[in-house]
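Asker: Each chain, written out:
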Amino acid sequence: MSNAILSLRDLTIHFKTPDGMVKAVNGVTLDLQEQEILGIVGESGSGKSQTWMAPMGLLADNATVTGQAVFDGQNLLALKPQELNKIRGTKISMVFQDPMTCLNPYLSIAVQMMEGLRFHDPSISKREAEKRCVAMLERVAIPDASRRFRQYPHELSGGMRQRLMIAMALLNDPQVLIADEPTTALDVTIQAQILDILRELQRERGMSIVLITHDLGVVAETCDRVAVMYGGRVQEAATAQGLFESPQHPYTIALMQATPRVEADAETQRLAAIPGQPPNMRVPPPGCAFFPRCPVAIKGTCDVSPPPLEARRDQHFCACYKSDAQQILKEAEHV
Amino acid sequence: MSVLRPESTESALNGAFDAVKSRSLTRLAFERFARNKVAVVSTFILLVLVIMAIFAPVAEMLTGYAMEFQDRNFYSAKPPNWDAKHFLGTDQNGRDILVRVIFGLRISMIVALVAATVALIVGVLYGAISGLVGGWVDVLMMRFLDLLISYPLTLIAVIALAYFGRNIYIVFAIIGLVEWQIMARVVRGQVLSLRNSDFIEAARATGVPTASIVLRHIIPNVIGIAVVYLTLTIPEVILVESFLGFLGLGVQEPNTSLGVLISEGATRVEHKPWLVFSPGVFLVLLLMSLNFIGDGLRDAFDPKDR
Amino acid sequence: MSEAPSKTNPLLKVSNLSVHFKQGRTLFGPRPALRAVDDVSFDLAEGETLSIVGESGSGKSTLARGVLRLLKPTKGQVWLEGQELGGLSGEQLRKARRHMQLIFQDPIASLSPRRTVEQIISEPLQTHYPQLSGAERREKVADIMRAVGLLPDMRNRYPHEFSGGQAQRIGIARALVLEPRLLVADEPVSALDVSIQAQVLNLLADIKQERKVSMLFISHDLSVVHHISDRLLVLYLGQVMEIGHAKSIYERPQHPYTKVLLSAVPRMQVVGREKRRRIHLNDDLPSPSAKRAGCPFASRCPVATSQCKAEMPKLTDFEGRQVACHFPGIALEGEKAA
Numbered sequence: 001m002s003n004a005i006l007s008l009r010d011l012t013i014h015f016k017t018p019d020g021m022v023k024a025v026n027g028v029t030l031d032l033q034e035q036e037i038l039g040i041v042g043e044s045g046s047g048k049s050q051t052w053m054a055p056m057g058l059l060a061d062n063a064t065v066t067g068q069a070v071f072d073g074q075n076l077l078a079l080k081p082q083e084l085n086k087i088r089g090t091k092i093s094m095v096f097q098d099p100m101t102c103l104n105p106y107l108s109i110a111v112q113m114m115e116g117l118r119f120h121d122p123s124i125s126k127r128e129a130e131k132r133c134v135a136m137l138e139r140v141a142i143p144d145a146s147r148r149f150r151q152y153p154h155e156l157s158g159g160m161r162q163r164l165m166i167a168m169a170l171l172n173d174p175q176v177l178i179a180d181e182p183t184t185a186l187d188v189t190i191q192a193q194i195l196d197i198l199r200e201l202q203r204e205r206g207m208s209i210v211l212i213t214h215d216l217g218v219v220a221e222t223c224d225r226v227a228v229m230y231g232g233r234v235q236e237a238a239t240a241q242g243l244f245e246s247p248q249h250p251y252t253i254a255l256m257q258a259t260p261r262v263e264a265d266a267e268t269q270r271l272a273a274i275p276g277q278p279p280n281m282r283v284p285p286p287g288c289a290f291f292p293r294c295p296v297a298i299k300g301t302c303d304v305s306p307p308p309l310e311a312r313r314d315q316h317f318c319a320c321y322k323s324d325a326q327q328i329l330k331e332a333e334h335v
Numbered sequence: 336m337s338v339l340r341p342e343s344t345e346s347a348l349n350g351a352f353d354a355v356k357s358r359s360l361t362r363l364a365f366e367r368f369a370r371n372k373v374a375v376v377s378t379f380i381l382l383v384l385v386i387m388a389i390f391a392p393v394a395e396m397l398t399g400y401a402m403e404f405q406d407r408n409f410y411s412a413k414p415p416n417w418d419a420k421h422f423l424g425t426d427q428n429g430r431d432i433l434v435r436v437i438f439g440l441r442i443s444m445i446v447a448l449v450a451a452t453v454a455l456i457v458g459v460l461y462g463a464i465s466g467l468v469g470g471w472v473d474v475l476m477m478r479f480l481d482l483l484i485s486y487p488l489t490l491i492a493v494i495a496l497a498y499f500g501r502n503i504y505i506v507f508a509i510i511g512l513v514e515w516q517i518m519a520r521v522v523r524g525q526v527l528s529l530r531n532s533d534f535i536e537a538a539r540a541t542g543v544p545t546a547s548i549v550l551r552h553i554i555p556n557v558i559g560i561a562v563v564y565l566t567l568t569i570p571e572v573i574l575v576e577s578f579l580g581f582l583g584l585g586v587q588e589p590n591t592s593l594g595v596l597i598s599e600g601a602t603r604v605e606h607k608p609w610l611v612f613s614p615g616v617f618l619v620l621l622l623m624s625l626n627f628i629g630d631g632l633r634d635a636f637d638p639k640d641r
Numbered sequence: 642m643s644e645a646p647s648k649t650n651p652l653l654k655v656s657n658l659s660v661h662f663k664q665g666r667t668l669f670g671p672r673p674a675l676r677a678v679d680d681v682s683f684d685l686a687e688g689e690t691l692s693i694v695g696e697s698g699s700g701k702s703t704l705a706r707g708v709l710r711l712l713k714p715t716k717g718q719v720w721l722e723g724q725e726l727g728g729l730s731g732e733q734l735r736k737a738r739r740h741m742q743l744i745f746q747d748p749i750a751s752l753s754p755r756r757t758v759e760q761i762i763s764e765p766l767q768t769h770y771p772q773l774s775g776a777e778r779r780e781k782v783a784d785i786m787r788a789v790g791l792l793p794d795m796r797n798r799y800p801h802e803f804s805g806g807q808a809q810r811i812g813i814a815r816a817l818v819l820e821p822r823l824l825v826a827d828e829p830v831s832a833l834d835v836s837i838q839a840q841v842l843n844l845l846a847d848i849k850q851e852r853k854v855s856m857l858f859i860s861h862d863l864s865v866v867h868h869i870s871d872r873l874l875v876l877y878l879g880q881v882m883e884i885g886h887a888k889s890i891y892e893r894p895q896h897p898y899t900k901v902l903l904s905a906v907p908r909m910q911v912v913g914r915e916k917r918r919r920i921h922l923n924d925d926l927p928s929p930s931a932k933r934a935g936c937p938f939a940s941r942c943p944v945a946t947s948q949c950k951a952e953m954p955k956l957t958d959f960e961g962r963q964v965a966c967h968f969p970g971i972a973l974e975g976e977k978a979a
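Protein chains in written order, with our numbering: chain A, 1 to 335; chain B, 336 to 641; chain C, 642 to 979.
No more than 30 Å apart at the CA atoms, straight line, and that leaves these computed lysine-lysine pairs for BS3-like:
#1 A:Lys-330 <-> C:Lys-849
#2 A:Lys-23 <-> B:Lys-372
#3 C:Lys-916 <-> A:Lys-330
#4 B:Lys-372 <-> A:Lys-16
Simulated from the structure, these hints should not be mistaken for lab results.
Please take these sequences and the hints and turn them into a complete structure.
Answerer: Below, the structure written as structure tokens:
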């Protein structure tokens with residue numbers, strides 16, 4: 001019943017820099033299903049953002065992209081810029097971490113919202129456009145929407161600006177919304193609100209959302225499915241419930257143990273830190289990117305070639321040679 | 336002193352520390368500069384020009400013509416004649432252009448160096464004091480700069496010429512005194528942003544005395560940017576000198592500069608283009624190489640890159 | 642007025658500290674001052690860790706800098722080991738700084754970019770112990786580097802050659818090399834990735850345990866401070882909302898703001914997330930410069946009354962801690978009755 005709406009096939013992104021080639025993304029194959037919120041979790045340098053900027057044509061000029069990103073029967077990576085422009089903002093929209101980088105401080109919110117709406121559909125009358133914009137602002141719980149509509153971006157609080165961005169992204173009724181760390185710059189109380197709005201909107205409109213975040217808690221609260229990225233690859237992909245109840249990949253397990261929680265018992269003062277540093281993507285490890293930090297790594301296997309992403313069970317994929325990593329780590333924890 | 340638990344130690348140790356040699360920021364900047372082909376070629380051209388200017392008398396020896404020597408056979412500006420060793424032709428008085436251009440280059444460079452040194456010293460001091468002291472001192476110092484900038488440079492130079500006579504070095508020291516404004520502003524901006532940076536606050540929080548903060552943390556981070564603006568100030572000064580020369584206010588006969596040579600040649604450009612061509616090419620080479628070097632240095636020192 | 646330090650005296654005592662910022666003048670007279678920190682009092686025992694938690698604009702970083710006297714407080718006193726810092730001359734204060742050190746949020750920005758690790762870590766020693774020989778200094782630097790998990794071989798490298806986590810270790814080493822009594826950590830892990838964050842938190846926990854240093858740990862993240870705090874201070878718009886033992890606040894928050902804050906932290910638990918109630922707040926963050934008579938949280942508080950808007954509640958003892966609320970322990974909508 002669930003069909004892929006946006007499919008990434010063997011996506012690879014390399015950046016040419018003066019200090020050498022940065023191999024940011026190395027063969028990501030992932031489907032965004034219809035009507036789901038897909039969480040992409042990873043730390044900085046995992047390639048989680050680039051993976052989704054590529055199909056939108058938003059990468060810097062020094063990037064080389066190979067592979068496919070199929071949307072609506074078209075490979076977005078092969079489209080001309082003007083063709084991509086028609087899709088961007090109408091069928092696929094994006095929301096970023098810092099709303100102020102996407103808003104023009106010198107133009108009123110009204111001008112900026114209407115511009116986006118009428119650019120893609122010039123037939124809409126001004127009055128109609130206004131009505132739709134204000135309704136959208138109300139929908140994202142901006143109080144006093146018709147007054148706010150006339151204001152300038154700097155007159156809004158950070159949380160309101162991010163809701164404005166979401167409203168603008170959804171004006172053209174896109175099928176896909178890509179949200180890149182939409183709540184990272186916000187206070188936790190405001191974050192909770194934005195996440196709730198995203199969830200509600202997804203249900204109401206039956207769209208698909210990609211939620212890129214570094215925060216496992218945000219994923220657990222919001223997403224239907226999750227892909228964990230590390231070293232430019234998907235290491236584990238599963239339903240949210242599957243992932244949090246039974247994580248398979250040593251990295252996922254380690255990340256969960258390293259994440260501080262409010263609900264945990266504080267008497268255990270120490271967190272289970274992951275030793276070492278994330279890989280340098282100029283010279284990524286030849287095998288599994290997590291090999292140098294992995295507690296269950298097999299020398300001679302894991303450091304030779306990267307493990308493929310394989311199904312462990314229904315809807316649960318994991319890229320690890322060690323199929324019993326979970327049991328081993330669980331036992332170690334109890335000792 | 337006890338070592339903490341092995342895990343926290345080990346974790347940092349087995350980090351991805353590649354075996355690259357440690358490189359300071361300055362070192363990295365020069366490596367980036369070396370990758371900039373235009374800048375490297377410009378450096379080479381500038382070096383050649385500098386060597387030519389330093390060894391200007393060699394040109395007299397090679398051609399056999401002294402700078403002031405008037406060749407009777409070549410009066411009233413003759414085109415290049417290789418047999419007579421007038422490689423770039425002669426001027427109205429039968430003087431060899433190649434030799435005169437090289438000596439002109441020399442004067443232009445000396446003058447630029449004088450002005451730029453003055454600009455560097457005054458600009459860095461002024462900017463650093465303004466930025467460090469802050470408050471109303473800063474406001475006052477900056478308003479004074481605004482005042483200076485509102486006076487046209489050429490006007491000041493002309494007034495100075497009238498007052499001091501045509502001693503070109505004094506005039507250019509004065510031009511230097513005016514040209515430091517940009518330097519002062521840039522240095523002040525840098526100092527201001529440094530003053531609010533975390534590592535300065537860290538030093539303050541540790542109780543490091545102010546003098547040491549300036550010496551250890553502020554000055555080393557200002558020098559790079561000052562050098563960049565120095566290389567960008569020099570061509571500006573040369574241009575001013577050339578312009579004064581063009582107006583007839585530059586160095587006096589028999590000395591010459593690139594600007595003076597161009598102004599002499601410009602009057603006859605239709606019939607005797609070589610008169611303006613040779614000094615023009617040298618001036619363009621000099622200005623362009625300096626500008627490209629300046630740009631290259633600026634890109635190399637740009638902290639945004641790291 | 643300073644009392645002799647005794648066993649019962651806290652290492653750090655902050656009383657009625659306020660830091661206000663002047664905001665210039667308008668045509669019609671001076672603009673009201675920004676009340677970044679308003680009348681904050683607390684103490685910190687030896688070896689204790691007090692976490693100061695608040696959202697952006699709560700004044701937590703200003704509070705830290707006011708305590709360390711990197712900012713001049715508008716009002717109030719800070720006693721460190723019985724010595725009132727406000728009464729010290731500039732030179733005395735500079736010398737006293739060796740007992741209190743600061744760790745920064747942005748680890749790389751806090752290290753002087755053109756100096757080597759060795760120069761950075763030894764600067765405090767040079768400043769306060771100029772009599773040490775070069776060899777002694779190098780020895781101390783190597784010791785402290787090992788203690789924070791850095792190889793002494795890295796001493797000649799420059800800050801930009803380190804990752805965020807390693808740079809933070811350098812910052813910690815610089816703060817510890819003088820063996821201070823008080824360590825103020827201003828969001829020390831919020832710029833770091835989760836896996837590195839845990840390493841640094843563990844390091845700080847070890848330091849606390851092995852060096853008996855007292856720590857003020859400033860953070861916006863309740864889950865981060867959960868693992869390191871003995872006590873917790875919740876700050877909102879420069880004022881203390883709730884202060885007490887961390888464990889009891891986490892288990893039974895009494896101030897509405899603390900409750901909201903705790904309920905908003907995302908949990909790593911998928912099952913039942915639909916039912917979990919997150920209390921929503923409006924964005925009506927009052928300006929910190931606005932004159933207000935009542936509780937700063939009143940404009941957003943789900944249970945505020947007219948009394949809250951008119952009268953600032955005093956910090957009073959309640960259930961073994963102090964709460965600044967007219968209705969401490971009041972149940973919020975959707976909350977299970979205790």
